[in-house]
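Undergrad: Let the hints inform the model, and build the full structure from the sequences given.
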Amino acid sequence: MSKLNILVVEDDPLSREVMDNNLAGHAVDFASDKAAAERKLRAGHYDICFLDLLLGDNDDYSGLKLIPLAVSKGIYSVVMSSCDTEETISRAYALGCKEFYVKGNEQQNLAAIIARYMRDDGGKKAQQVFAGDFITNDPETRSLVTEGLKYAATELPLMILGPSGTGKTTLAQLLHGHSGRDGDFVAINCAAYTEDLLESELFGYKRGSFTGAHENRKGKLAQADKGTLFLDEIGAMSQNMQVKLLKAIEEKSFYPLGADKPEYSDFRVISATLEDVQKLLAEGKLRFDFFQRVHGMTIGLKPLAQRKCDILPLMQAFTKGKKRLAFEPEAREHLLAHNWPGNTRELKRFVELIGAGTQGTVTLETVRRHITPAATPRQGIPEPVTLAQYDYAIEHGLSAAVDRFTEGLIARNLSENGGKKAAALAQLKISKCLLYAALAKARKAQEE
Amino acid sequence: MADIEKIYHNLKSRAIGLKSASEMLPKCAPEKRDRVIALMREAARDIERLLAELEAGPRS
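Chains as they are written, first to last, in our numbering: chain Z, 1 to 448; chain P, 1001 to 1060.
Not one of these hints is a red herring.
Think about it this way: if two alpha-carbon atoms lie no more than 30 Å apart in a straight line, the pair counts; the simulated DSS-like pairs of lysine-lysine are:
(1) Z:K40 - Z:K65
(2) Z:K322 - Z:K348
(3) P:K1019 - Z:K3
(4) Z:K40 - P:K1006
(5) P:K1019 - Z:K34
(6) Z:K3 - Z:K65
(7) P:K1019 - Z:K65
(8) Z:K247 - Z:K150
(9) Z:K34 - P:K1012
(10) Z:K65 - P:K1006
(11) Z:K34 - P:K1032
(12) Z:K3 - P:K1027
(13) P:K1032 - Z:K3
(14) P:K1032 - Z:K40
(15) Z:K65 - Z:K34
(16) P:K1006 - Z:K34
(17) Z:K320 - Z:K348
(18) P:K1012 - Z:K40
(19) Z:K65 - P:K1012
It should be emphasised that the hints constitute simulated quantities derived from the structure, not laboratory data.
TA: What follows is the structure, encoded as structure tokens:
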């Protein structure tokens, strides 16, 4: 473990001894009052700062006042106090502290804080992730993935939702990479197997358990021991299979086909589906008890059409170390206007196709030739509406439903264009009056 | 924070300090052990003082 520079702001000499003892192996510095702490925070280069809140018998929360300074210096700030009122905890987090602990369990808590910091390097690693392992500039996706990374090192199950090609497997691998688990990342697409085959793939089998079982074979559960089991397309799993797997997840033990003794595996589950989970539950395709075991923290990945800011960075990443391409302005516009129904998978294939060509500068004509044309609505035939839209129209009337649909379109367009009203006016071909009316309505709804 | 709340807070803080130190004590090197015991005595005296303040002060 590398040595960290740590500042402990603590007025009580006995508590300082306790901290010193539990932080052995690191470079630990102490400050017993606000002035000394300010001086040290300004001058030093600390990785972590542990702050007591009341510094002295008649102090007025000096520790709280130090949090903004520590945060402004990029120091991972942790409050360790015996003052834990709800108000104090809220204030500390609002000021930027990362973790809040009540004193008294230092041995376990300090070890956990240090381990978490080392894995994440105080949040810096999460930012690096978006430039390499999981490329996205979309603020919502970044925030969800950052949140997911916080759970990566826990035992909690994670669920990734999103259409095909949005990067569910890449994200699962990333989460495994940040889990600190020593074992392998083992993926299985549940939709690719029949029930019998899926069972033998997951649980493995013993020699002679069925015709063709000439030798013992380890299943995915055993392969994922001390690692991660990634269950893709869980919605395709039969009810019977869900019951068997539920038991294995719960007990971390299972019977391979033909075995008379259970086997044990310490696997962590990450699951994914492109289907609507609520719908799967409502239709009874996904058992609620199974869902409860696998859903934990949920990360929803948006289709590329809703995070167009990722198109160009992803293209750059796909050509990294290969032939670099330049795009004529019209070609670039066409790329950004395309909806990429196949998401990043389609984009990657497109980049491979273009890269294999002889052009360095890509023209609009080339882009058009290689892009899968989006399905255009047939003239005169109405587009189907969703059930939710239909129900809303029945309940509130057609006019209200049209307004709602219009506002939804405007909100989405503004979100995709980073809030630029001029772009929304041009792309949606609407009047300023309609745009501002929709914005006012959205504001009013938010206030209510 | 009102005075009475400060007393309760300081009391809790010293008591927690004593608990953590007593858990640490068996693993301490001899030279450190004496220093920790001296600090624990000081914390115990503080607790005594704070309890006296509580007894002398208003009941709520």
